[in-house]
Amino acid sequence: MPASPSLVWFRDDLRLADNPALRAGVDRGEPVIAVYVLDEESPGMRPLGGAARWWLHHSLTALGERLREKGTRLVLRRGATSEVIPSLAREVGAGAVFWNRRYSAPEREVDAGLKTSLRADGLEVSSFAASLLFEPWTVRTGAGTPYGVFTPFWKACRQLPAPREPLPEPRELRGASTYPASDDLDDWGLLPTRPDWAGGLRERWTPGELAARRRLREFLAEDVADYDRARDEPAGGATSMLSPRLRWGELSPHQVWHAAVASGAHVGGFLSEVGWREFAWHTLFHAPDLAAKNLKSAYDAFPWPRLKPSMLRAWQRGETGVPLVDAGMRELWVSGFMHNRVRMVTASFLIKNLLIDWRRGEEWFWDTLVDADAASNPFNWQWVAGSGADAAPYFRIFNPELQAKKFDPDGRYVREWAPDAADREPLVDLKASRDAALAAYEAVKKAR
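Under our numbering, the first residue of the sequence shown carries the number 1, and numbering increases by one thereafter.
Note that these hints are calculated values from the structure, not bench results. No false leads were mixed into what you were given.
In silico EDC-like cross-links for lysine to aspartate or glutamate, where the CA-CA straight-line distance does not exceed 20 angstroms: (1) K155 x E273; (2) K406 x D232; (3) K155 x D390; (4) K308 x E363; (5) K296 x D357.
Produce the complete structure using the sequences and hints provided.
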């Protein structure tokens with residue numbers, strides 16, 4: 001009797017270890033055919049930013065190599081998933097399709113439709129929890145509503161059963177006798193060419209599962225002990241640098257959680273940051289328009305002035321004349337990353353000193369961050385803006401000069417990324433622009 005392969009659909013889970021969908025394919029006992037679909041056509045799908053596309057190219061390259069070493073191949077297809085996956089399943093005579101769940105609205109809609117259509121065709125179909133420690137519908141207040149404040153949310157999470165142990169990677173994968181045609185990854189045009197602006201990304205990052213595991217080991221062995229003390233110092237070494245690994249699923253949060261607990265170090269502060277990521281995804285699950293709409297509708301009344309493109313460009317290029325802001329924006333452009341403390345400072349400066357809508361900043365970070373995802377990026381921008389869940393009040397305005405004195409007192413970070421910033425005249429007066437922001441905030445107070 002001919003084999004009926006298991007189609008394992010990779011998404012934001014570009015790893016072999018702790019991959020429940022892949023494990024299901026192995027346990028079924030039939031050949032495993034892995035597939036990745038680049039879907040920029042389904043309704044509501046947000047096209048990836050430039051830095052994310054760069055990372056995806058290299059992470060898919062690494063995944064393809066690992067799958068081949070284990071005994072199978074990665075098939076690449078492009079198009080609307082609702083058409084590509086059923087077509088591929090028919091093409092290979094698949095008996096089952098497995099994937100790990102996603103939580104933003106467009107993806108959930110696609111997945112639900114696929115389950116219905118594939119099962120109607122007689123296929124076995126299962127999806128699995130793999131990218132969050134706690135699925136969004138499992139954490140609710142006593143009244144049955146979503147949490148809007150992080151501390152009680154995380155306390156509720158910690159009272160649930162502990163996250164499951166991560167699954168080992170398969171020793172081998174049973175390959176198919178023949179494979180369907182695959183797109184050539186280079187033809188997807190994910191890498192920048194004219195110009196090639198990714199030199200700094202290549203210098204800082206090595207995408208892929210093995211590099212991700214190595215970074216987790218290094219962090220837990222060398223940096224986590226200083227995490228609580230030094231995490232806010234942008235020139236320090238206590239940052240985990242795991243966010244793009246989690247964003248692309250080269251590591252699962254279960255792997256991070258259990259490795260951190262097993263390290264023997266004090267990891268409460270670090271794990272609360274993993275919890276903050278969970279909170280962002282839970283918020284997106286219940287507020288699908290997080291990147292476009294204020295979570296707190298009172299902020300719809302905020303009187304954003306007419307956008308001055310020259311001011312936005314100065315911020316994007318790190319040419320504001322405010323050293324810490326310029327250093328952060330240049331680090332972002334060169335490396336696809338920015339220290340978390342500096343992310344808050346640069347976002348606050350855009351929103352509350354330049355009076356530019358937070359959505360313009362979110363769009364720029366979406367295009368330039370290697371770790372930008374559909375939940376954390378808008379969630380954190382709304383937190384700074386004051387319009388989101390558990391947000392900093394609007395009148396909390398980060399003073400970039402005081403932040404630099406506190407967290408970069410010897411100027412190492414600024415000297416590395418923006419040594420000329422102090423020679424520029426500031427784009428705006430910090431005190432006067434702060435006062436203007438607070439005056440504009442009165443419109444929100446009145447709307448309440």
